[in-house]
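Participant: Protein chains in written order, with our numbering: chain A, 1 to 292; chain B, 1 to 292.
Treat the hints with caution; some may be incorrect.
The list treats identical chains as interchangeable, and a pair is accepted whether it falls inside one copy or across any two copies.
Mimicking DSSO-like on lysine-lysine, the simulated pairs with C-alpha atoms at most 27 Å apart in a straight line are [unchecked claim]:
| no. | residue 1 | residue 2 |
| --- | --- | --- |
| 1 | 115 | 20 |
| 2 | 101 | 180 |
| 3 | 7 | 107 |
| 4 | 158 | 224 |
| 5 | 180 | 107 |
| 6 | 115 | 86 |
No lab work stands behind these hints: they were computed from the structure.
Number of protein chains: 2
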Amino acid sequence: MIRLDGKATANTIKEEIKEKVSAMKIRGERVPHLAAVLVGNDGASLTYVGSKVRSCEYVGFESTLIRLEETITEEALLTQIDALNKDEKLDGYIVQLPLPKHIDEEKILLAIDPKKDVDGFHPANFGRMALELDAFIPATPFGIMQLLERYEVPTSGKHCVVVGRSHIVGRPISILMSQKGLAGNATVTVAHSRTENLAELTRQADIVVMALGIPEYLTADMIKEDAVIIDVGITRVEDKNHPKGYVIKGDVAFDEVAQKASHITPVPGGVGPMTIAMLLQNTLLARQWNLA
Amino acid sequence: MIRLDGKATANTIKEEIKEKVSAMKIRGERVPHLAAVLVGNDGASLTYVGSKVRSCEYVGFESTLIRLEETITEEALLTQIDALNKDEKLDGYIVQLPLPKHIDEEKILLAIDPKKDVDGFHPANFGRMALELDAFIPATPFGIMQLLERYEVPTSGKHCVVVGRSHIVGRPISILMSQKGLAGNATVTVAHSRTENLAELTRQADIVVMALGIPEYLTADMIKEDAVIIDVGITRVEDKNHPKGYVIKGDVAFDEVAQKASHITPVPGGVGPMTIAMLLQNTLLARQWNLA
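So that you can see chain A by itself, here it is in the shape it has in the complex (with noise of 0.2 Å):
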C-alpha cells in the first residue's frame, strides 16, 4: 500500500516555487503578489488566512492581508474588490470565506476579476477548466491532480467514481478527471446524496474520491482489492480521550480501508496540505499569465 503523502508533495512543490521566484529576482522580475482579505475576526480564517500570507512570504511571493471590520457593509466591499482590481501590482487575491450574513457572497465572489481569481470560485474560471481552456483551477481538485500525477496513479480508461457534487471538489475533479491530459481519461462516475446502491458502484471503481463530509463513511467491504483511494473529507469528530477533545476524521475508515487499497491519501497529511501549494501555484500562473 502506498501513501499518498500530501504534506511531502507540497513541500516539494513550495520548494519548486520558491526556486522560480528566485530566478524571477535574479532576473529583475517583479515577484508574484497575492492579497487577502479577510473581513471581521473569526478563529479558524484568521489561522486558514495566516497560513496562505506566511506560506507566500516562504516561497518569496510579495504578500498583502487585508482585514476589513465584521460591520464593513456590502458596497464598501465590492468597493474593496474593485480596487483590487484595478491594482496592476497584484496578481491574484482571494476573499476568505464564509463572509458575515449581511454580504452576499455570490455577489462578492462574482465581483472578483477572474484573471485575479486563484480560488479559481468564479464561474468564468469553471468555465475554462471545464472547456479545457487556460484556467485557475480551484486548490483541492487542483491538489488531487497533483497528486496523481506526481505518484503516477494510472488514471487512462480506469473507472472513477467521485462522491459528492460540491462547486468546489466533486463536479470540478469528476470534469479534470475525465478530460485529456495527466491524471486524466478516466471514466468519471459521479455519486451523490439521491444515489441509489452507491456500496455497488464503489466496488468497481479502479479509484475512489470521497468527498461526502461524513466520517468514515467509506469502509473496506465498499471498495475492491487494490483500489485508489483520495479522501477529501475533514470533520471535527468529539474525542474526550484527545488534548483537543476531538480528532479530525476523513471520509474514509483509514485502518480497514488501507490494508485492501493500493494506494491511499491519510487525513490529515494528505489532499489538506495541498491546498496551500496549490494557491500559491495559481498565484505564480497569474504572475507568469500577466507577463505574457
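Given the coordinates of chain A, assemble chain B onto it according to the supplied hints.
Facilitator: Same frame as chain A, but now just chain B:
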C-alpha cells in the same frame, strides 16, 4: 416503448413561446430580437441559419441575418461582434460555425458578451451552468433536459451513462443530469473513447445518452431491459438506394434497441428538432433577463 418525439415537443415549445411573445406585444413591450452572423456561403450553414431565422419569425421574434464575406478579416469580424454586444435592441446572437480557417473561432466566441451568448458556448455561461446560476444552456443538452422533463422520465437516483465528453453535448448533459432539479439527481457516468468495457457500463445504465458520432454503435445487447435511450448522433451514411444518396443515422441501432428500451429518441425527429426550439427559448430568456 415510448418514442420521445422531439419534433412534436419542439412544436409545443414554439407554440408556448409564440403565446408569450403575443402577450409581450399586447403589453407594448419590445419583442425578443435574435441576430445570426453568417460568414461565407457554406451550404449547410445557410440552411441552418435560414431555418433559425424562419423559426424566429414564426414565434414573433425580431430577427436579423448578418451575412459577411468569406474573406472578412478576424479584426473586422471582432468589430462586428463588438457592435452586436453594444446594440441595446438586440437580446442575443449567434455566430454560425464553422468559421473560415483564417479566423480563430475561440477568439470570436470569447468576444461574445456572455449576456447575449444564446448558444451558451462562452465559458462564462458554461461555468454559471455548472455552478447552478442562471445561464444559457447549449441547445442540445437543454433540449434533452426538456424531453426528459416533458415526458416525465424518472431520473432521480437513476444511473445515467453518457457516452461522449464533448464541450457542447456530453460534458454539459452529464453535469445537468447530476444536478438537483427536474430531470436531475441522476448518478452520472461519463464514458468516452478511452473507456474500457463500455458495454459493461451501458448494460448497468437506466439511461444511456449516446453522443459519440459513430452510426448504430449502441446495439441491443449493450443495454438492459427497459432502459431509456437518448440518441444525439447525426451521421450521414452513404445509401445509393436513397434519392439523396445518403441516410441520416444516429449512434443507436434503432430497430433492435427500440424493442428492448422503455423510451427512445428516433433519429431524425428526436433530439435534433429540439435544438432550434431551445435557441428560441434562450433568446426569450435573454429578453426576460434584460427586462429584470
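Participant: Hint by hint, where does the structure go against what was stated? Just the numbers, ascending.
Facilitator: 3
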